[in-house]
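Could you put together the complete structure from these sequences and hints?
Single-letter residue listing:
2 protein chains.
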Amino acid sequence: MINTPKPPYYAVIFTNEKTSDTKGYAEMADQMAMLAAEQPGYLGLESISEGDKTITISYWTDQESILNWKNISEHVIAQKTGRERWYNYYTTRVAKVERDYSFDKEDM
Amino acid sequence: MINTPKPPYYAVIFTNEKTSDTKGYAEMADQMAMLAAEQPGYLGLESISEGDKTITISYWTDQESILNWKNISEHVIAQKTGRERWYNYYTTRVAKVERDYSFDKEDM
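Protein chains in written order, with our numbering: chain P, 1 to 108; chain E, 1001 to 1108.
None of these hints come from the bench; they were simulated from the model. Treat the hints loosely; a few may be bogus.
[As the list claims (entries may be wrong)] In the DSS-like style, the derived pairs of lysine-lysine whose C-alpha atoms are separated by at most 30 Å in a straight line are:
hint	chain 1	residue 1	chain 2	residue 2
1	P	Lys105	P	Lys70
2	E	Lys1053	P	Lys105
3	P	Lys80	P	Lys6
4	E	Lys1096	E	Lys1018
5	E	Lys1080	P	Lys96
6	P	Lys6	E	Lys1070
7	P	Lys23	P	Lys53
8	E	Lys1018	P	Lys18
9	P	Lys105	P	Lys6
10	P	Lys53	E	Lys1096
11	P	Lys23	E	Lys1105
12	E	Lys1096	P	Lys6
13	P	Lys70	E	Lys1105
14	E	Lys1023	P	Lys105
Have a look at this one:
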C-alpha cells in the first residue's frame, strides 16, 4: 500500500503490453523505479505484471514534478528503447487524484 | 489497450491485497466488471493481478457516473463482503485524467 498524502496529488498511470524481446527490460524497469524515487515531488510507485501486461502507477505532488521526470535524460532514453524494442503498445495517463479512501483490516 | 476518449475523463484506481480467503472472489470480480460495463458513463476497465495483489482501473466520463456506480446495491454488497473477507487492504483513488498519450507498434 502506497501512503499518499491528502488529495489533491497526481497519478501517472502507465499501462503496457510487452513484445517477446525482453532483453534488458527488467534491469531498465528497476533502474527507472530507483531514479524516479530520487526526483522531487515523488510520492511512491506500484507496479503489477501478469503475462506480457503491466500496470505501473507513480504518484507525484504536482504536474511540474511529472514533466521534470518525463524529461530526465536517462528516462528519455528508456522511453525510446521501450518504443523500439520492449513495448507492443502503451498508454500514459496523467491524472489528478481528487479523492481517495482506504481500508485496512488491521484497523478494524 | 483501453480506447478512452480525449481528456478530460475519469479513472478510478483500485489497488488491493487479498487475504487467503478467496472463496467467491473471482466470481464477484467478474460479476462486478460486467455490471460496471452496463452503467452510464462507463468507458472501460483493465485489471492485472500478481500473487495476492491486484490493480484495477476503470474509466468513466464524469464524477457523477462514478458515484452512481459506487452506490449500485450489488456493488455495495460486494464492497462490504470485500472488507469482511477478501481484502487485507485496499485504496480507491478517483482521478481526473488531464492528458494522455499512447504508442502502438502497429502504427509505426
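We went through each hint and held it up to the structure:
Restraint check: the Cα-Cα separation between lysine 105/P and lysine 70/P comes to about 36 Å, which exceeds 30 Å; the hinted pair is violated. Distance hint between lysine 1053/E and lysine 105/P is fulfilled; the C-alpha atoms sit about 15 Å from each other, no more than 30 Å. Between lysine 80/P and lysine 6/P, the direct Cα distance comes to roughly 34 Å. Violation of the 30 Å bound is thereby established for this hinted pair. For the suggested pair lysine 1096/E and lysine 1018/E, the alpha carbons sit about 27 Å apart, so the restraint of at most 30 Å is met.
Under the criterion of a C-alpha separation no larger than 30 Å, the hint pairing lysine 1080/E with lysine 96/P is consistent with the structure, at around 27 Å. Taking the CA atoms of lysine 6/P and lysine 1070/E, the gap is near 21 Å; set against the 30 Å cutoff, the hint holds. Proximity of lysine 23/P to lysine 53/P is assessed by CA-CA distance (about 16 Å); at most 30 Å being required, the pair is judged to hold. Among the hinted pairs, lysine 1018/E with lysine 18/P is consistent with the structure: their alpha-carbon atoms are about 26 Å apart, no more than 30 Å.
Proximity of lysine 105/P to lysine 6/P is assessed by CA-CA distance (about 20 Å); at most 30 Å being required, the pair is judged to hold. Straight-line distance between C-alpha atoms of lysine 53/P and lysine 1096/E comes to about 23 Å, which keeps the hinted pair within the 30 Å bound. Proposed proximity of lysine 23/P and lysine 1105/E is supported: the alpha carbons are some 18 Å apart, at most 30 Å. Distance check on the hinted pair: lysine 1096/E and lysine 6/P sit about 16 Å apart at the alpha-carbon level, within 30 Å; holds.
With a C-alpha separation of about 20 Å, the suggested pair lysine 70/P and lysine 1105/E falls inside the 30 Å cut-off, and the hint holds. Taking the CA atoms of lysine 1023/E and lysine 105/P, the gap is about 18 Å. The hint holds against a cut of 30 Å.
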